Amino acid sequence: MSNKTKQNYLNHPKGIMSWLLTLDHKRIGLMYLFSGILFFFLGGLLALVMRFELAAPGNDIISNEVYNNVYTLHGAIMIFLFIIPAIPGALGNILLPLMVGAKDVAFPRLNLASFYIYSFGALFAMYTIINGGVDTGWTFYTPYSTQSSSNVVPMTLGIFIIGFSSILTGLNFIATIHKMRIPGLTWYKLPLFVWALYGTSLVQITATPVLAITMVLLMLERFLGIGIFDPALGGDPVLYQHFFWFYSHPAVYIMILPAFGIISEIIPVHSRKKIWGYKFIAYSTLSIAFIGFLVWGHHMFTSGQSVFSQIVFSFITYFVGIPTGVKIFSWILTMYKGQVSFTPPMFYALSFLFLFTIGGLTGIFLGAVALDIHLHDTYFVVAHFHYVMQGGTIVAFLGGLHHWWPKSFGVMYNQTIANIAALGVFIGFNGTFFPQFLLGLRGMPRRYATYDEQFVELHSYSTFWSGILGISIFIAVMNLFWSFIKKNKVDPGSNPWGGMTLEWTHTSSPPHPHNFEEEPVLQHGPYDYDKVIVDKTYKK
Amino acid sequence: MSEHHITPLRTYLIIAASLLFLSGVTVWVSYIDLGSFNIVLAMFVATVKASLVAFFFMHLLWDDKKNLTMFLMSLMFFGIFVTITMLDTEFRGDLGLNPETKDPINKRAAFYDTLPLTDTHGHPVDEHSDEHHEDKDHH
Ligand code: HEM
Ligand SMILES: [Cu+2]
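Going down the list, the protein sequences come from chains A and B. Our numbering numbers the first residue of the first sequence as -17 and each following residue consecutively. Our numbering numbers the first residue of the second sequence as 4 and each following residue consecutively.
Keep in mind the hints are simulated off the structure, nothing from the lab. Hints are not guaranteed to be accurate.
[Claimed, not checked] Calculated pairs, BS3-like style, for lysine-lysine (alpha carbon to alpha carbon, straight line, at most 30 Å):
hint, chain 1, residue 1, chain 2, residue 2
1, A, LYS171, A, LYS85
2, A, LYS(-12), A, LYS319
3, A, LYS161, B, LYS69
4, B, LYS52, A, LYS85
5, A, LYS468, A, LYS319
6, A, LYS171, B, LYS52
7, A, LYS85, B, LYS68
8, A, LYS(-4), A, LYS261
9, A, LYS513, A, LYS(-4)
10, A, LYS256, A, LYS171
11, A, LYS85, A, LYS261
12, A, LYS513, A, LYS255
13, A, LYS468, A, LYS161
14, A, LYS469, A, LYS(-4)
15, B, LYS69, A, LYS518
16, A, LYS518, A, LYS256
17, A, LYS319, B, LYS69
18, A, LYS261, B, LYS52
19, A, LYS518, A, LYS171
20, A, LYS255, A, LYS171
21, A, LYS261, B, LYS69
22, A, LYS256, A, LYS85
23, A, LYS256, A, LYS161
24, A, LYS518, A, LYS469
[As the list claims (entries may be wrong)] Non-contacting residues of chain A with respect to chain B, defined by C-beta distances greater than 12 Å in every case (computed):
hint, residue
25, GLN292
26, ASN412
27, TYR430
28, HIS496
Bear in mind the structure is a predicted one, so any value in this text is a computation, not a measurement. Don't be surprised by glycine CBs; every beta carbon is placed ideally from N, CA and C.
Excised from the complex, chain A in its bound form (with noise of 0.2 Å):
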């Protein structure tokens, strides 16, 4: 790599018309990233208000409805405008077409769209919280979501146009892996992570129109009287939690899997190791994203639907955790005699590994009908999905900005005060959830602003660790903006972690305006730690 390279995407061309206009995928993804980390600040504040007033029985801080309206908002930032849009929109566009070695995705202009439409059902959302709120939980249930009078209507619609932005943006990813790969660059020589953004886009483009569907639904019983879920009108409000968990079971996996396309990014590049079983990884996250399909009445085994279909989804469910297994096994036998090195990233990967099995086999338990009735809409599901989904998906994705940094930016942070703040994560993490699946096991239930006595140490304890996590995620991510500031300049061409895959061998750091100088010719596999020698380069 030359060190002639002046030229960047950030600071060529110049003007804030050049990013407000921009076709590049990167400055996309750079947009997309602000936007989820202002929206992950946000939900963040939410969930500490509602763990202050927890720390101890009593409305101390906010009354029983704030306490609905913060809850219902939290969820719905944090899943709807942050982890769903903003991580395939963030990571995957900065690293997708440099990834397969294109000078862009398959649609440009349809990219920025879907960033715009992105932010126009933000909009709506953030309206929401301006004209007071909405008080229906993010699963949006009815019958009290057709009468409750707080803005489901602009959530609903918010999260209606939002669909569209992930619809567009798995189109564009699945076009771009289709078209846009370089000659030689083989399905199997793919990176995971690529692997990962398509099972993610099929699943996005499969699963977001029922979401669509349901939202419109849920307007014309609300507008028109039209008895869709309402019994008294002829519907059935079972059909709702059908409509939605067929697309929400799904929406788990658009959150996870782009995170298990991360850790088989940072495990063999941080252990210097060949990946172990890269057919079986590409294959599980395709199976994940089918079997996910067929599961989702487990989110309904106390809604009363029959005993028949209990049995079947819950079978079903046993099934997620197989190729969930095979992935975890493939990761802990790559760094097996590998020469793991205790970067940030690979900091990040281990939490992963540790806290999504934990996440993983509490889903499993919940998967069981005669277990789950019991902890149903108690603070075990409440500590399951979030091990799953900050535990997993936030986790895997700090540990992926940690990783790509220095590619996306050129600048590097300061090592040791992110090693501090991901060990920080994750004592604070681990405080303040595992409590939670103690509390749900003696039966606190979950969406409550108050509780009784029994339930105050493990409150407490819960919220005191939150404060850590908190403030731990924020110097996480202060310290990454930091070395922005600072301008603590990598090499163009340094290869700090000894990737092998095109960002790392064939582009510039920060990459160049149309990523690469020719086009890359490959040279060897993503992972081929045991045929070829990768330095790892830094600054000169």
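For this one, chain A is given, so just place chain B with the ligands on it according to the hints.
Only chain B with the ligands this time, still in chain A's reference frame:
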């Protein structure tokens, strides 16, 4: 990319005629009382029509087979959704422990209050007949 396929005008006309014919079929069968099978038939005809449009007017038949795969996948996912949901709706209350949960839905409800309720044969029924529903006496 595969080269452009030119469809003869004749094909378009035949398809257009079939679409019109099938619309007629939809209207015609709506007058025949087949019970809940009416909806199945209506959906079937609609699916056939949509497929004709996709295959001929939108050239899916001559297009890259990946696009066809996508189309078939969407049908498959729709099928999965409906079939598995019916494992619930068709067997709701299957343990029979609680008579209240057997058939909790008012299947004769009207969309608008202004329309009189009718039974499956279109005869008007009393609004409050629900309270002495025959089913409940069996348990
Ligand atoms: C290893 C596979 C997994 C299994 C078997 C599983 C199983 C379950 C089950 C049975 C429930 C319902 C509990 C109840 O409401 O009573 C549940 C809830 C939930 N799971 Fe998982 N899960 C798995 C992985 C994941 C992943 C990867 C995510 C997201 C990244 C996730 C997110 C959620 C969420 C958000 C809920 C709660 C939804 C709500 O009611 O608000 N799960 N899971
Ligand atoms: Cu689920």
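Status of the hints after comparison with the structure:
Note on A/LYS171 and A/LYS85: the hinted pairing holds, with a Cα-Cα distance of about 19 Å set against a maximum of 30 Å. A threshold of 30 Å between alpha carbons decides the hint, and for A/LYS(-12) with A/LYS319 the separation of about 40 Å lies outside it, so the pair is violated. Between the alpha carbons of A/LYS161 and B/LYS69 the distance comes to roughly 12 Å, so the proposed pair stays at or under 30 Å and holds. Among the hinted pairs, B/LYS52 with A/LYS85 is inconsistent with the structure: their alpha-carbon atoms are about 40 Å apart, more than 30 Å.
For the given pair, A/LYS468 sits about 37 Å from A/LYS319 by alpha-carbon distance, which is inconsistent with the 30 Å threshold. Taking the CA atoms of A/LYS171 and B/LYS52, the gap is near 42 Å; set against the 30 Å cutoff, the hint is violated. With a CA separation close to 26 Å, the supplied pair A/LYS85 and B/LYS68 stays within the 30 Å bound. Between A/LYS(-4) and A/LYS261 the alpha-carbon distance is near 43 Å, which puts this suggested pair outside the 30 Å criterion.
Under the criterion of a C-alpha separation no larger than 30 Å, the hint pairing A/LYS513 with A/LYS(-4) is inconsistent with the structure, at around 42 Å. The suggested pairing of A/LYS256 with A/LYS171 holds, with an alpha-carbon distance near 12 Å, which does not exceed 30 Å. A threshold of 30 Å between alpha carbons decides the hint, and for A/LYS85 with A/LYS261 the separation of about 27 Å falls inside it, so the pair holds. Using a Cα cut-off of 30 Å, the hinted pair A/LYS513 and A/LYS255 holds, with the two alpha carbons roughly 10 Å apart.
With a CA separation close to 39 Å, the supplied pair A/LYS468 and A/LYS161 exceeds the 30 Å bound. Only pairs whose Cα atoms come within 30 Å are accepted, and A/LYS469 paired with A/LYS(-4) is accepted, the gap being roughly 18 Å. Note on B/LYS69 and A/LYS518: the hinted pairing is violated, with a Cα-Cα distance of about 41 Å set against a maximum of 30 Å. For the suggested pair A/LYS518 and A/LYS256, the alpha carbons sit about 16 Å apart, so the restraint of at most 30 Å is met.
Of the supplied pair hints, the one linking A/LYS319 and B/LYS69 is violated, its CA atoms being roughly 41 Å apart against a limit of 30 Å. At most 30 Å may separate the alpha-carbon atoms for a hinted pair to count; A/LYS261 and B/LYS52 exceed this at roughly 40 Å. Pair hint A/LYS518 plus A/LYS171 holds up; C-alpha atoms about 22 Å apart against a cutoff of 30 Å. A hinted pair counts as satisfied when its Cα atoms are at most 30 Å apart, and A/LYS255 with A/LYS171 qualifies at roughly 16 Å.
Of the pairs offered as hints, the one joining A/LYS261 and B/LYS69 holds, with about 22 Å between alpha carbons and a cut-off of 30 Å not exceeded. Taking the CA atoms of A/LYS256 and A/LYS85, the gap is near 27 Å; set against the 30 Å cutoff, the hint holds. In summary, the hint linking A/LYS256 to A/LYS161 is supported, as the alpha carbons are separated by about 27 Å, within the 30 Å threshold. For a cut-off of 30 Å, the pair hint linking A/LYS518 to A/LYS469 stands: about 21 Å separates their Cα positions.
The claim that A/GLN292 is not at the interface with chain B is violated, since a C-beta of that chain comes within 12 Å of its own (minimum 9 Å). The Cβ of A/ASN412 lies farther than 12 Å from every Cβ of chain B, with a closest approach of about 36 Å, so its non-interface assignment holds. Separation of A/TYR430 from chain B is adequate, the least Cβ-Cβ distance of about 27 Å exceeding the 12 Å criterion. The claim that A/HIS496 is not at the interface with chain B holds, since no C-beta of that chain comes within 12 Å of its own (minimum 24 Å).
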